[in-house]
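2 protein chains.
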Amino acid sequence: MPSLDICFSPELLPLYALRGKVAVVVDILRATSSIVTALAAGVSHIVPFSELDDCRAMAAQGYLTAAERDGRQAEGFDLGNSPFGYLDGVLPVQGRGVAITTTNGTRALHLSLAADAVVVGAFLNLEAVARFVRAQGKDVVVVCAGWKGMFNLEDTLFGGALAERLAADFDTVGSDATLAAHHLWQQAQADLASYLLQSAHVRRLNGLEANKDFEYCIQLDTHDILPIWQEKRLVAHA
Amino acid sequence: MPSLDICFSPELLPLYALRGKVAVVVDILRATSSIVTALAAGVSHIVPFSELDDCRAMAAQGYLTAAERDGRQAEGFDLGNSPFGYLDGVLPVQGRGVAITTTNGTRALHLSLAADAVVVGAFLNLEAVARFVRAQGKDVVVVCAGWKGMFNLEDTLFGGALAERLAADFDTVGSDATLAAHHLWQQAQADLASYLLQSAHVRRLNGLEANKDFEYCIQLDTHDILPIWQEKRLVAHA
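In order, the protein sequences belong to chains A and B.
Using numbering that gives the first Met the number 0, you'd call the opening residue of the first sequence number 0 and step up by one each time.
Using numbering that gives the first Met the number 0, you'd call the opening residue of the second sequence number 0 and step up by one each time.
Hints may be right or wrong, so weigh each one.
Remember, identical chains collapse to one label, so a pair may be satisfied in a single copy or spanning two.
[Stated by the list, open to error] Calculated cross-link-like contacts (lysine to any residue; reagent style SDA-like; alpha-carbon spacing at most 25 Å):
| id | residue 1 | residue 2 |
| --- | --- | --- |
| 1 | 231 | 53 |
| 2 | 147 | 112 |
| 3 | 147 | 131 |
| 4 | 147 | 16 |
| 5 | 137 | 200 |
| 6 | 137 | 173 |
| 7 | 231 | 15 |
| 8 | 137 | 182 |
| 9 | 147 | 109 |
| 10 | 211 | 229 |
Note that these hints are calculated values from the structure, not bench results.
Make a model of the complete structure from these sequences and hints.
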């Protein structure tokens with residue numbers, strides 16, 4: 000039976016041997032929720048960048064550019080990190096490529112590329128993630144983006160929710176991290192919003208931009224779409 | 000109000016600014032439980048070492064030597080990592096110094112020395128830890144030894160138990176790590192043994208040596224003693 004492990008911070012990723020495994024990168028608030036939303040809205044592909052300048056330069060190649068630092072949209076970019084940037088109709092996104100950079104999410108993604116397959120997870124596409132990793136049948140590591148290297152509750156709870164979905168098909172008790180995340184999810188699931196709003200970190204993120212983002216990002220299974228890393232970009236898995 | 004934060008792995012410690020704070024180093028199974036027990040049994044002081052050879056060499060200076068690697072007593076040492084080594088009367092320990100090295104605990108201790116005060120925590124001396132940090136009134140970081148850098152449940156639950164004791168006097172909700180550990184403790188406390196035995200990691204450790212160690216190490220408040228770092232050694236706080 001393949002195993003499900005959870006890495007609580009990109010800083011811990013060197014301890015996880017990703018080769019031969021599937022990495023599920025998660026940054027619930029808001030990078031991976033926005034990536035799922037963007038591809039669902041018709042964005043053709045997404046290229047992640049570590050540096051603001053590299054990301055901004057992609058505008059010259061016809062890309063939409065999206066950048067967030069410390070929870071805020073960076074200046075000189077078309078979009079920030081809000082999923083509503085792809086939904087509000089102000090910018091036509093259909094068929095466009097998007098270059099993105101975020102505080103935590105893109106770093107987690109780049110550090111995960113040693114895995115056999117790298118996909119993007121959010122509450123929005125939880126079942127699509129579960130279905131994909133079941134079909135692969137390989138060991139899975141959920142890579143939590145965290146907040147500047149620190150443990151955060153929302154990414155951890157995604158890991159717990161995935162453990163709940165996969166408990167019949169994967170070993171979800173071999174790792175203390177998975178065990179803890181699963182327990183936390185069992186406490187949280189009845190009222191995920193209230194549970195997460197205990198977190199000072201979550202409340203602070205909410206204060207930075209419209210907190211309708213928060214309500215949006217904690218919805219389960221709204222999008223049957225799986226962003227997957229192929230040829231140095233994220234595309235919707237066929 | 001000072002804050003209580005929890006660092007789930009020594010690998011994450013560079014993210015925590017320890018200067019001006021109190022570090023509580025915890026390695027429930029079994030290094031810090033054994034250190035508490037040793038000082039309570041009359042050991043005069045404890046000197047931690049990273050390397051087996053350095054530790055073993057202290058025998059020439061009249062020290063008892065204690066060493067554990069991968070859960071087992073290392074060859075050529077007087078003691079392993081079991082608290083019963085200080086209790087079973089085979090070795091007279093009263094008034095002796097002990098040189099120790101363990102897989103995780105001594106590393107966590109050495110990495111914590113930037114803090115203003117470094118103390119050793121275990122379930123056995125939980126209230127002694129709580130009393131000390133309340134009196135200090137400084138920010139506190141619980142440094143979990145983990146297992147080879149990975150998150151583990153037993154050290155995390157100690158952090159949650161300390162958060163429960165300090166909730167009135169410390170900010171225990173500003174950090175997602177503390178919030179999560181506190182929630183896990185609230186689930187676990189009614190039957191700590193059963194809760195921890197869900198952990199494959201804990202069961203594996205139990206299999207390595209007498210699992211009476213486990214039953215011993217999860218007792219609360221049995222020792223009113225606080226090991227504190229002074230002049231490059233651990234001594235009982237006056």
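For this structure, which hints from the list above don't hold up? Failing hints, ascending: 3, 10.
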